[in-house]
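When we follow our numbering, the leftmost residue of the first sequence carries the number 5, and every step to the right adds one.
In case anyone wonders, no lab produced these hints; they're calculated from the structure.
Note that this is a predicted model, so its numbers are computed, not measured.
Wrong hints could be hidden among the right ones.
[As the list claims (entries may be wrong)] 27 Å max Cα-Cα, derived DSS-like pairs, lysine-lysine: (1) Lys63 - Lys169; (2) Lys62 - Lys176; (3) Lys66 - Lys14; (4) Lys198 - Lys208; (5) Lys163 - Lys208; (6) Lys54 - Lys176; (7) Lys14 - Lys62; (8) Lys63 - Lys14; (9) Lys208 - Lys169; (10) Lys14 - Lys169; (11) Lys14 - Lys54; (12) Lys54 - Lys65; (13) Lys176 - Lys22; (14) Lys176 - Lys66; (15) Lys198 - Lys163; (16) Lys54 - Lys22; (17) Lys169 - Lys62; (18) Lys198 - Lys117; (19) Lys198 - Lys22; (20) Lys169 - Lys198; (21) Lys63 - Lys176; (22) Lys65 - Lys14; (23) Lys66 - Lys169; (24) Lys198 - Lys176; (25) Lys22 - Lys163; (26) Lys65 - Lys176; (27) Lys118 - Lys198; (28) Lys208 - Lys22; (29) Lys169 - Lys22; (30) Lys14 - Lys163; (31) Lys169 - Lys54; (32) Lys54 - Lys66.
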Amino acid sequence: MNSVDFSFLKTDTAAAAKQLLGMEIITHIDGVTTGGYITEVEAYLGLNDKASHTYGGKKTKKNEMMYRTYGHIYVYSMHGHHCMNILTGESEETPEGILIRGIEPSIGIDIMKKRRGRDTHLTDGPGKLTQSIGINRIDHNGMTLNNNVFSIRAGKTPKNILPTKRIGIDSKEEAVDYLYRFIVEGNPNVSRFKGRPAEDYGWK
DNA sequence: TTAGGGATTGTCT
DNA sequence: GACAATCCCTAAA
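Build the full structure now, drawing on both the sequences and the hints.
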């Protein structure tokens, strides 16, 4: 197994978010394997970020897993969907994480179609990709990276990374304007994709 | 092709 | 009872 050094998740969450782009997420769930290359992420900077679930040190049953350290994942549910975060920071003082919003399917595409109940738009949104690769809050919230169920390894390299405003946080005042969403420019597997995909989907 | 609103479910106050 | 880091269908240009 080619393992990845996750120490880049220790300190700067926004910088770590950009480094996750292109890495391959793989899950082994219900006896089948699915995976994809990360195309879209958003950084949530914990205590001082009004859009973060942990703004001001708020702690509830829903978000308590965000206080774990880097190397764990945080899964929450809303509107009947599940969303997945890669946690960052070395201690309980940094309840920060990176929301995975889009991946490009690479393994088990037929299984994703079956889980989604459709043939298109399998992984171009945070609730869609968790359904495609079989992640849910009950079974996977708080688990560690790179075990028998969930792993991340080196994948592709983005040609260009485009910073944008985050999506779905319109009520969060000044945090609306922070450029903490990063996408692989030209890749169609991102939320609200418009226009035409790049010839190479934005990979080097 | 894009914009708008209803669906839907667990969690918090 | 209200809200949420969403999704999907419909309507109209």
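Hints and how they fare:
| no. | hint | verdict |
| --- | --- | --- |
| 1 | Lys63 - Lys169 | holds (25 Å) |
| 2 | Lys62 - Lys176 | holds (15 Å) |
| 3 | Lys66 - Lys14 | holds (23 Å) |
| 4 | Lys198 - Lys208 | holds (21 Å) |
| 5 | Lys163 - Lys208 | holds (5 Å) |
| 6 | Lys54 - Lys176 | holds (6 Å) |
| 7 | Lys14 - Lys62 | holds (21 Å) |
| 8 | Lys63 - Lys14 | holds (21 Å) |
| 9 | Lys208 - Lys169 | holds (24 Å) |
| 10 | Lys14 - Lys169 | holds (24 Å) |
| 11 | Lys14 - Lys54 | holds (21 Å) |
| 12 | Lys54 - Lys65 | holds (19 Å) |
| 13 | Lys176 - Lys22 | holds (23 Å) |
| 14 | Lys176 - Lys66 | holds (19 Å) |
| 15 | Lys198 - Lys163 | holds (19 Å) |
| 16 | Lys54 - Lys22 | holds (21 Å) |
| 17 | Lys169 - Lys62 | holds (23 Å) |
| 18 | Lys198 - Lys117 | holds (22 Å) |
| 19 | Lys198 - Lys22 | holds (21 Å) |
| 20 | Lys169 - Lys198 | holds (16 Å) |
| 21 | Lys63 - Lys176 | holds (18 Å) |
| 22 | Lys65 - Lys14 | holds (24 Å) |
| 23 | Lys66 - Lys169 | holds (25 Å) |
| 24 | Lys198 - Lys176 | holds (25 Å) |
| 25 | Lys22 - Lys163 | holds (12 Å) |
| 26 | Lys65 - Lys176 | holds (22 Å) |
| 27 | Lys118 - Lys198 | holds (26 Å) |
| 28 | Lys208 - Lys22 | holds (15 Å) |
| 29 | Lys169 - Lys22 | holds (14 Å) |
| 30 | Lys14 - Lys163 | holds (25 Å) |
| 31 | Lys169 - Lys54 | holds (14 Å) |
| 32 | Lys54 - Lys66 | holds (17 Å) |
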